[in-house]
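Each chain, letter by letter, is given below.
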Amino acid sequence: MICCKECIELLHDYLEGELSPEINASLEEHFLDCPPCIAFVNTYKSATQICKTTLQSKDIPDAVKSRLKEFVDRKKNN
Amino acid sequence: MGFSDQSNDKVTEEQLVKDLQAGEVRSFEQLANIYQKKIYALSFNLTRNATDSQDVTQEVLLTLFRKGHTFQGKSAFSSWVYRITLNASYMKLRTRKKEPNVSIDDLLPSFNSSGFQQEKIKDWSENTESLLFDNETREVIQKAVDLLPDKEKIVFILRDVDGLSTEKVSNILELTIPAVKSRLHRARLFLRKKLANYFEEYDVRKEKK
Numbered sequence: 001m002i003c004c005k006e007c008i009e010l011l012h013d014y015l016e017g018e019l020s021p022e023i024n025a026s027l028e029e030h031f032l033d034c035p036p037c038i039a040f041v042n043t044y045k046s047a048t049q050i051c052k053t054t055l056q057s058k059d060i061p062d063a064v065k066s067r068l069k070e071f072v073d074r075k076k077n078n
Numbered sequence: 079m080g081f082s083d084q085s086n087d088k089v090t091e092e093q094l095v096k097d098l099q100a101g102e103v104r105s106f107e108q109l110a111n112i113y114q115k116k117i118y119a120l121s122f123n124l125t126r127n128a129t130d131s132q133d134v135t136q137e138v139l140l141t142l143f144r145k146g147h148t149f150q151g152k153s154a155f156s157s158w159v160y161r162i163t164l165n166a167s168y169m170k171l172r173t174r175k176k177e178p179n180v181s182i183d184d185l186l187p188s189f190n191s192s193g194f195q196q197e198k199i200k201d202w203s204e205n206t207e208s209l210l211f212d213n214e215t216r217e218v219i220q221k222a223v224d225l226l227p228d229k230e231k232i233v234f235i236l237r238d239v240d241g242l243s244t245e246k247v248s249n250i251l252e253l254t255i256p257a258v259k260s261r262l263h264r265a266r267l268f269l270r271k272k273l274a275n276y277f278e279e280y281d282v283r284k285e286k287k
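Chains as they are written, first to last, in our numbering: chain A, 1 to 78; chain B, 79 to 287.
Treat each hint with caution, since some may be false.
[As the list claims (entries may be wrong)] Listed next, the in silico DSS-like pairs over lysine-lysine satisfying Cα-Cα at most 25 Å (straight line):
1) A:Lys69 / B:Lys115
2) A:Lys75 / B:Lys145
3) A:Lys52 / B:Lys271
4) B:Lys145 / A:Lys45
5) B:Lys231 / A:Lys58
6) A:Lys65 / B:Lys115
7) B:Lys271 / A:Lys45
8) B:Lys145 / A:Lys5
9) B:Lys259 / A:Lys65
[Unchecked claim] Covered stretches of chain B (chain A as the covering partner; in silico rule of three or more C-beta atoms under 8 Å from a C-beta of chain A):
10) 102-109
11) 134-144
12) 157-164
13) 182-196
14) 218-231
15) 234-248
16) 261-268
In short, the hints are calculated from the structure, not lab data.
Nothing here was measured: the structure is a model prediction, and the numbers come from that model.
Think of the CB as a built atom: it goes at the ideal place given N, C-alpha and C, for glycine as much as any other residue.
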């Protein structure tokens with residue numbers, strides 16, 4: 001049977017759906033009997049998601065936006 | 079999301095790039111509008127400084143303006159813009175005092191000789207969404223990302239935050255596909271471990287209340 005180490009090494013490909021059906025099935029079989037791995041997968045997904053959400057909300061501040069616009073206008077009209 | 083995922087946008091963008099190559103000034107303004115938010119966000123995620131990110135955005139736009147006609151189209155225009163943005167951001171970081179490197183290997187999971195997990199893993203995943211609006215949590219998350227080593231950080235930002243495909247990231251960073259996947263996985267393992275301490279403690283604090 002596949003061990004925790006192998007499961008965690010394959011986690012990226014597992015979550016991307018890139019594993020062969022056989023290997024995918026052996027990971028899922030392992031997860032059925034391994035609560036620590038389930039916790040690991042959940043927290044791996046969760047950590048990824050919250051970091052992504054936190055970093056994504058970066059709009060250009062209005063002041064910067066208008067300075068960039070002035071810059072572009074200047075270049076365009078030169 | 080990539081720079082432009084709609085096929086109509088792609089056609090327009092291709093035309094704008096052709097116009098830029100031909101020295102058409104109007105296309106510069108339109109391309110600047112399409113790209114400036116992405117350039118700024120990427121630079122901000124790397125430098126964590128609004129002034130530096132503004133400087134970087136201006137530098138990149140200036141490069142597009144001055145050197146747009148030299149773009150040869152060997153790779154996608156967006157990859158070119160990303161590379162210029164990365165270089166300009168790294169130049170900014172070079173002038174700063176470097177934070178001591180955190181070894182990613184120390185934070186990778188440990189296993190016993192049979193390959194089973196050695197540490198006790200708690201599942202704190204259900205608490206995270208509700209805490210996202212909390213300033214302290216956001217700071218902890220930001221700090222964790224800041225601590226990622228450069229090689230892993232840039233892959234994480236391009237792939238998970240900007241949502242670019244593995245192929246696109248491999249093209250921008252000139253890495254093989256397995257290298258992109260491996261760096262992304264290491265980045266996620268690092269972030270999981272860094273955040274585990276915080277969220278597990280949060281659980282304990284909550285239980286005590």
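**Request:** Examine the stretch 234-248 of chain B: at least three residues should have C-beta closer than 8 Å to a C-beta of chain A.
**Result:** holds (count 4)
Is the listed coverage of the stretch 134-144 of chain B by chain A valid when you require three or more residues with a beta carbon under 8 Å from a beta carbon of that chain? Three-residue rule met by the stretch 134-144 of chain B, so holds; n is 5.
- [ ] With a cut-off of 25 Å on the C-alpha distance, tell me whether lysine 52 of chain A and lysine 271 of chain B pass.
- [x] 16 Å, holds
| query | Under a C-beta cut-off of less than 8 Å, do 3 or more residues of the stretch 157-164 of chain B approach chain A closely enough to confirm the stated coverage? | reply | With 0 residues in contact (Cβ-Cβ under 8 Å with chain A), the coverage given for the stretch 157-164 of chain B is violated.
*asked:* Taking beta carbons only, do three or more residues of the stretch 182-196 of chain B come closer than 8 Å to chain A?
replied: It holds: at least three residues are needed, and the stretch 182-196 of chain B offers 6 whose Cβ sits within less than 8 Å of chain A.
Hint check: lysine 271 of chain B vs lysine 45 of chain A, CA-CA at most 25 Å. Holds or violated? 12 Å, holds
Just to be careful, I want the Cα atoms of lysine 231 of chain B and lysine 58 of chain A compared with a cutoff of 25 Å; is the pair within it?
At roughly 17 Å apart (the allowed maximum being 25 Å), lysine 58 of chain A and lysine 231 of chain B satisfy the hint.
For the pair we were handed, lysine 259 of chain B and lysine 65 of chain A, check the Cα-Cα distance against 25 Å.
Not satisfied, since the Cα-Cα distance of roughly 35 Å exceeds 25 Å.
Fill in: Pair hint outcome, lysine 65 of chain A versus lysine 115 of chain B [Cα-Cα no greater than 25 Å]
9 Å, holds
Do three or more residues of the stretch 102-109 of chain B come closer than 8 Å to chain A, measuring C-beta to C-beta? holds (count 4)
### Query
Straight-line Cα separation of lysine 145 of chain B and lysine 5 of chain A no greater than 25 Å?
Outside the cut-off at roughly 49 Å; violated.
Original post:
Do the alpha carbons of lysine 75 of chain A and lysine 145 of chain B lie within 25 Å of each other, as the hint requires?
Top reply: 13 Å, holds
Hints 4, 8, 9, 12 from the list above are not met by this structure, while the remaining hints are.
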